[in-house]
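J.: Could you build all of it, start to finish, from the sequences and the hints given here?
Protein chains in written order, with the numbering used here: chain A, 30 to 305; chain B, 2 to 288.
Simulated from the structure, these hints should not be mistaken for laboratory data. All clues stand as given, with none of them false.
On the chain A side, residues computed to face chain B include the following (Cβ under 8 Å): (1) Leu-137; (2) Leu-139; (3) Ala-143.
Glycine included, each C-beta is placed from N, C-alpha and C at the ideal position.
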Amino acid sequence: MTGGRNRLLAALGLVPGVSLATLLTLFILVPIAAVFLWAFAEAWRYPSLLPTRWGLRYWEVMLARADVWTALSTSIALSLTVTLLSAIICLPAAYAFARMEFPGRSALLLSFLATQAFPKFGLYIAIATIFFSFGLVGTFAGVVLIQLVNTLLLMIWIPVGAFQGVDRRLEEAARDVGASPLRTFFSITLPQAGPAIAAALLLTFVGTFYETEGAFLIGAPHVRTMPVLMISLINNQLVVQYGAVLSVMLWVPSFLALLFARKILSARTIAGGLGA
Amino acid sequence: MALAAPILVEARRFPVGLLLVAAPMLLLVVFVLVPAASAIVSTLTDPRSGGPSLANYRTLLGDPLSRGNLFFTLGSTLAVCGLLLAVCLPVALYLRFSSGRLPAFVQSVAVFPLFVPGIIVAYALIRFLGPNGSLQTVLDAIGIHGFRSPYLTPAGTVIGLVWEGIPLTLLILLSGLAQIPNAAIEAARDVGAGRLAILTGIILPLIANSVTVAFSLAFLGAFGAFTIPYLMGPASPEMMGVFMQRTFSELRDPAQAQTQAVMSFLFCAAVGVIYVRSVIRSRRRGS
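T.: Structure follows, in C-alpha cells:
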C-alpha cells in the first residue's frame, strides 16, 4: 500500500524533470540534429521525414571549392593573430590586476565591463565610422582590431581569477628555499593558473573564429571569414546542403575544443567572465 | 639582503602595475570610449558650420520608417527578455533543488547553445522552422497542416535570440541560486512556509541581483544583435542592428548610421548602467 504510494510519488516527482528535458531537447537539440541530417543527404524531397538518398557527395563539392579554403585560412590566420595579441596585451595586465597594488586597481578592472555595456552592433557602427576615415574598412588589420576589443573582458577577467586562486604559501615556500622570482613564477604560479588561462585562450580563439558581426561589417568585401561565407551561402540558399556541410565541418572541432574548456572552467567561471 | 628586497619591491610595484594594465586600458579607450564619444559629438554637430545641431536626430525621428524600427527593436528585445526569464527561471529553480542524472541532462541541454556559434544557430533554425523545414515535415506527417513558418517574421528573430540566450541567462540565475544557503530554505520550511511563500519570500529577493544582471545582458544582447535578425527577421520593420548595417554599408550614410547607433546607446543607457552597478554589487558581496 505505502510502497505503491511512494512509487507514485516518485513517478510524479519526475514529471517536471522529464517535461523540461523533453521541451529543451525539442527546442535546442532537434534543429541542430536536422543540420546533421542535411549534411549527409544527397536528396531530401519535401514530405519525407528522412533524407531520400544519403551520401557524401556535397562534402566532395564543398571541399573542392576554392572560396571555402580561402575563408578557412583567413579565419584561422585572424583567430591566431587576435588570440596572440590578446594574450600579449591582457595576460600581463591580468597578473597585475590580481597580484599588484596600484591606485585605481579595482575601478580599472571594472572598466572592462564597458565592452559589454553597449548594444554591440551600435558600438561596431561607431568603430566602423572611425575605421572608415582611417582606411581600415575592408582590411585584415581592421578586422583584427575590432575583434580584439571583443576579447578584452574574457581574457582579463578569467586569468585574474586564475592568478588570484594561486596558493601564495607555495610561492613563499619556493622563495624561502631560494628560488628566484622568475623561477617561482614559471614553476609554481603558472602551472597552477595554467589550465584556466589555457581555457581562456581557447575560448578566445573559438570566439574569434566564429565572430560574425565585426568581420561582416569591417571585412567586407575583401576579407571573407568562414562565418561571412556562411552568410552568403544562407542568403543564396540554392543548395541547402552547402550550408549544412559547412556547419558540420566547422562546428564539430570547435564543439570538442569547447567541451575541453568546459572541463577546466566551471559554468560559473564562464558566466563570471561576463561579469555575472 | 632579506630586508632590502621587500623595500625594493614596494618601490617598484606602483609604476609596474599601472604599466602592465596600460595596454588593454589604451585599447578600451581607443576602441570603445573614443568611438562612442565621437559618434555622440559628431552626430550633434552641423557639418558645415561646426556648431551644435540636432538635424541628424530630426531626420531620424522625423522618418516613420526609422521610428518604426526603433520601437520594433525595443518591442522584440523586451519579448526576448521576457521569454528568456520565463523559460530559464523554472529551469534554474528545478536544477537548484534536485540532483541526479536527469537534472544533469537538463543542464547540459540548456547550456549547449553556448557551444554553438550564432551563424550555425541561424542556419539550423532556418532549416528547422523555415518553409518545408523539418518541423513542417513532422507536423504534416502527423496530420497537422497549415503551419506558418516564423522565418522572416518578427517571431523568427525572437525565437533565434531566445535560443541563443538561454545558456547565459540560465548560468547567471544558477550562480545566484547557488548562493542561497539550504539552511535558509529549511528554516522557512520548518516554520511551515509553503513552496510559493519560500519562492516569493526568500528565493526571489535573494536572487534579485542575478535576475537584474540576466535581464540587462539579455536586453543589451538582443538590442545590439545583428546576425540572427539579419538572417531570420523580416525585411521591414528591421531590428536596429540590421538597419544600421544597411545604412552604413549599402546606403553609405555613416552620419545617419552613427545617429542610429547613438539612439541605440540612448535606449540601452539605463540598462547598461544597471548592468555595471549590479555586477559591482554582486562582486562586493561575493568577495
